[in-house]
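Participant: Chains as they are written, first to last, in numbering that gives the first Met the number 0: chain X, 0 to 105; chain Y, 0 to 162.
No lab work stands behind these hints: they were computed from the structure. These numbers come from a predicted model, not from an experiment. Even for Gly, the Cβ is constructed at its ideal location relative to N, Cα and C. Among the clues, some could well be false.
Under the rule of at most 27 Å between Cα atoms (straight-line distance), these lysine-lysine pairs were calculated in the BS3-like manner [to be verified]: (1) Y:160 - Y:149; (2) Y:112 - Y:24; (3) Y:45 - X:28; (4) Y:89 - Y:76; (5) X:21 - Y:45; (6) X:28 - X:77; (7) Y:149 - X:28; (8) Y:113 - Y:149; (9) Y:112 - X:35; (10) Y:45 - X:35; (11) X:62 - X:35; (12) X:80 - Y:89.
Quick list of simulated restraints, FRET-style, between CB atoms [claimed, not checked]: (13) Y:31 - X:79: 44 to 50 Å; (14) Y:47 - X:22: 24 to 30 Å; (15) Y:81 - X:2: 44 to 50 Å; (16) X:24 - Y:81: 35 to 41 Å; (17) Y:80 - X:2: 25 to 31 Å; (18) X:35 - Y:64: 18 to 24 Å; (19) X:59 - Y:30: 28 to 34 Å; (20) Y:126 - X:79: 25 to 31 Å; (21) Y:92 - X:59: 51 to 57 Å; (22) Y:23 - X:59: 29 to 35 Å.
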Amino acid sequence: MTQEEINNLREFLVSLFGSQAKNWTMNEKIFNLTFKLVSESRACSNAMNKVPRPHALGKEPFKWIKAEARRLLLQNLKDNKSHYAICLKAAAYRMAHQFQMAAMGL
Amino acid sequence: MKILSLWLLLLSSFCSAEQLILSSKLSLDYDPPALISHTQSSLIVKYEDWYFAHEVVDPENFYQQINLTGIERDFIKSLFDKDLRKQFPKWLAALSEEQASELEISVNNTLRKKVGDAELLAAYSNNAQSAHIYIFDDHSIHHLTYYGSKDNYRHLISRIKER
Chain X
0 MTQEEINNLR EFLVSLFGSQ AKNWTMNEKI FNLTFKLVSE SRACSNAMNK
50 VPRPHALGKE PFKWIKAEAR RLLLQNLKDN KSHYAICLKA AAYRMAHQFQ
100 MAAMGL
Chain Y
0 MKILSLWLLL LSSFCSAEQL ILSSKLSLDY DPPALISHTQ SSLIVKYEDW
50 YFAHEVVDPE NFYQQINLTG IERDFIKSLF DKDLRKQFPK WLAALSEEQA
100 SELEISVNNT LRKKVGDAEL LAAYSNNAQS AHIYIFDDHS IHHLTYYGSK
150 DNYRHLISRI KER
């Protein structure tokens, strides 16, 4: 990921998970979990509009999503973080430990 | 006989459980893990194909946008008991319903038990192969997140004990 993408992803995750996310390593696992969190959410159905269909089932998103689509997705999440933080809060609570472990490379 | 005693001693040292002290009244026995990790808010205990994580519920940071201080006990209990939501304002009842749905908590998979004076509420999701366990202690609520098989989940629950 580029530095801009890392910053956008971090800013989005801080809005969801609070200050703990400031210290997370923004790695592929974190991106994949973010993709999973957002794509599985019924409440935030418009969040994935920037990602071309069909999604490659069974493959890690970081590996199949094109760089430009990834950049646009992360930009969108960061720009609308207040909205997404509300509609994703329940899913974020469910997945919090997965993010914590991914950030530590576990 | 001496050799047998020695073997038993060696064997017991490999099989002995560790104990996680949760509070002055509660503990959790657990087998030696593959690794233990501490994040800002949680302790993660990881095995080859399962793990559990422990945290003390922080009502201010349960959700980033909503402070549950003062209502956290009722809110968490309402995840397991729909009737409690009737006492809530509409927005809180909706939030409880949404969260219960996300955690896949239902009447069919809810477990209730007492650990000494503490109340334990838990639910295992076959679909997600995960569980959320809440233990209501005197002054705090413990939250255990679990990923793994249902058998292991039952075993973990049985090892939460009164001290």
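Participant: Run every hint past the structure and note whether it holds.
Facilitator: To see whether the hints hold, each was checked on the structure:
no.	hint	verdict
1	Y:160 - Y:149	holds (19 Å)
2	Y:112 - Y:24	holds (16 Å)
3	Y:45 - X:28	holds (18 Å)
4	Y:89 - Y:76	holds (17 Å)
5	X:21 - Y:45	holds (24 Å)
6	X:28 - X:77	holds (18 Å)
7	Y:149 - X:28	holds (26 Å)
8	Y:113 - Y:149	holds (20 Å)
9	Y:112 - X:35	violated (34 Å)
10	Y:45 - X:35	holds (22 Å)
11	X:62 - X:35	holds (14 Å)
12	X:80 - Y:89	holds (24 Å)
13	Y:31 - X:79: 44 to 50 Å	holds (45 Å)
14	Y:47 - X:22: 24 to 30 Å	holds (27 Å)
15	Y:81 - X:2: 44 to 50 Å	holds (47 Å)
16	X:24 - Y:81: 35 to 41 Å	holds (40 Å)
17	Y:80 - X:2: 25 to 31 Å	violated (47 Å)
18	X:35 - Y:64: 18 to 24 Å	holds (22 Å)
19	X:59 - Y:30: 28 to 34 Å	holds (31 Å)
20	Y:126 - X:79: 25 to 31 Å	holds (29 Å)
21	Y:92 - X:59: 51 to 57 Å	violated (38 Å)
22	Y:23 - X:59: 29 to 35 Å	violated (45 Å)
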